[in-house]
Amino acid sequence: MQDAAHGALAPDAILTVDHLTMRFGGLTAVDDVSFSVRDRSITSIIGPNGAGKTTVFNCLTGFYKPTIGRLALRHGGAVHLLERMEGFRICKEARVARTFQNIRLFGAMTVLENLMVAQHNRLMVASGFSLLGLFGAASFRAAERAAIDKARFWLDRVGLTDRADWEAGNLPYGDQRRLEIARAMCTDPALLCLDEPAAGLNPRESASLNDLLRTIRDSHGIAVLLIEHDMSVVMEISDHIIVLDYGRKIASGSPENVRNDPAVIRAYLGEEEALPPEIAADLEGGR
Amino acid sequence: MATVTEASTPHRGTDVITAAKEAAIAAGVMAVLALPLIGFILVDVAGGVTLRTRFGGVLTAAAIVFVGRFVIAMLRGRGAGPIAHLTGLVTRRVAGWGAGRFVGPALVGFAVVLPVLPFSDRYIIDLGTSVLIYVMLGWGLNVVVGLAGLLDLGYVAFYAVGAYSFALLALHFDLSFWACLPLAGVFAALFGIILGFPVLRLRGDYLAIVTLGFGEIIRIVLLNWQDFTGGPNGLSSIPRPSFFGAPIGRSAPEGQTPFHEFVAPVMEPIAALFGGEWGFDAIHRIVWLYYIILALALVTNVFTLRIRRLPVGRAWEALREDEIACRSLGINPTNTKLSAFAIGAMFAGFAGAFFSARQGFVSPESFTYIESAVILAIVVLGGMGSQIGVVVAAAFLILIPEFGRDFAQYRMLLFGLAMVLVMIWRPQGLVSGREPSVRLHAERR
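Chain order of the listed sequences is U and X.
So the first sequence is numbered by my numbering: it starts at 422 and just counts up by one.
So the second sequence is numbered by my numbering: it starts at 24 and just counts up by one.
What the hints contain is simulated information worked out from the structure, not anything from laboratory work.
Wrong hints could be hidden among the right ones.
Unchecked claim - Partner residues are not named here, just some residues of chain U that face chain X (Cβ under 8 Å, in silico): (1) 533; (2) 573; (3) 691.
Note that the coordinates shown come from a computational prediction; the quantities given were computed from them, not determined experimentally.
Each residue gets a CB set at the ideal place from its N, CA and C atoms; glycine is no exception.
Excised from the complex, chain U in its bound form (with noise of 0.2 Å):
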């Protein structure tokens, strides 16, 4: 029932996965990979290292042109084929918008003016490409100050407005990633793609994130699509999970069905009774 909803042709999915593949010369890090995002869910990508997830991401940010496959992204009535934009078009026209495993903020600027970045391609209109804005036109000043607003709401959203001004590359690690949240949501998204955002946190941080994470999804409708290993934020608050183990999905489906799966537990524990049990009893007496 719950796959049934994420199939290829859900009619409330957001992004369609179809058939991706990503090879780097002989090696295929993603091998024919299908799957959806439902609209206002949040869908985790889960699998052992190097199964692929980040490559997912990349694919579908824009990083990397996809060998095969199909990445449509529905919203407003339009359909984006992401695979075939130029990276910075992937969020500026198909609104997706993504943090990063190892954190990218803009280190010597300060966390206000990351978020203001964010708003770049608005701020920029709004300027007249500059010209009014070099002339201090009253229009560009309130677009400004609309960008500030945003910027403050997310900076309450994410704990930070008392650190608005410091630069961004003095904060500490859980700050950061809480942060390039807030930028990536200073975009507009449609769909954010978040890699690793509890990596490096604490249980109370991820606690924190897990109710921000909800809050992105309920309160603003936007859907998730999330990379994690911290189990307790996966099971937590996922609608839905998907599997990858060497480059292929190996499972799909809610948290409870995921985690009862054989070949989950397989890809993470390795297979039962791997080692001949003459060569396993040699390995014990050995020790």
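Fit chain X to the known structure of chain U by using the hints.
Only chain X this time, still in chain U's reference frame:
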């Protein structure tokens, strides 16, 4: 607390030994280097050439290096060193004043009154003009290097494009300086975009090499395209900028009033007040040129300060920080880089047009690589992205060789030494510290 003192006291002795060792090694290296450079000299004696030795000089050089190295090593032992501490304090103060709040207006005020100060003569005003050209170039390059983080070693190419644009337009189409100034900026900006396209994918060292090559290409084209640019002979008799249509000179062409007669109704009573007489003076042109470049430089300053606070300026800085993150936020890196190149180049074009108007003559010799290096040094020494730092560094780099004239052949040595010292003490530049383009909370002071 007591244990700390105990631990550090015996350390002192080993410090001296380490410093002496380091100094001995440095002195040894100096001796080896100095042996061929200072130790032997070819002397022209009675029609032949003989080899003389100067081993005393080698020893002196080694001794100087030993002492210098020893002192540096000892100073380093005490944390950052007192001089670094002092300069750091001064520059933090300067940056702490918000740079533009107090020091900036004071410098502008000084620059405005400089020509009428009692000690100002032709030489001082000329020197001020030179400094201001480099200040303007430094501010222009700051957009490319300091804000957008694109290392450009061929900036002088745009300066050359501006200079030749004005010279050629003035000579062939008889256009005035004021008509050519915007055109020179536009041409230079176009060249900035032409250079920008092939280097869009390059960063850091690779970009530096390509821009270096571009600078040389422009110079070599100017050198070899005899029919168009006059080749190595350059272009001469370029018209000087007029004073609102009045040429500055003893006499004016038919139908025009020379400057001193043009302003006579205003200036004659003033001159009379001070018991002087108003008439033609060669210094008028120098002062007028000085004010033109001062105005151009201030326009550059205001423009770059404002554009930094606009979305495009923030996008430049974001591009410098992380290009991949920029793309993921929907910023078009191509347009952003090209706009930085174009705007940086445009100011070099203005400065170039002024340069050829001031000299009345241009040749490729004025646009060699060393010019690019000096402009880049101004930006780096001043502190990347700092407006006031550029002024300090430009004054420093132009005035040091001037004041060093008494030292004749050691002038450039002094210049190099000063640069090395600044980079040791202030690796982040003379005036560092970034002012955010926008604040959420009022600044606490």
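Less than 8 Å between beta-carbons is the criterion; does residue 691 of chain U satisfy it with respect to chain X? Hint violated; residue 691 of chain U Cβ to chain X Cβ min 35 Å, cut 8 Å.
Interface hint check: residue 573 of chain U, Cβ to nearest Cβ on chain X, cutoff 8 Å. Holds or violated? The hint holds - residue 573 of chain U has a Cβ within 8 Å of chain X, the shortest such distance being about 7 Å.
Just to be careful: measuring from the Cβ of residue 533 of chain U to every Cβ in chain X, is the smallest value less than 8 Å? It holds, given that the least Cβ distance between residue 533 of chain U and chain X is near 5 Å, below 8 Å.
In this structure, the one hint that does not hold is number 3.
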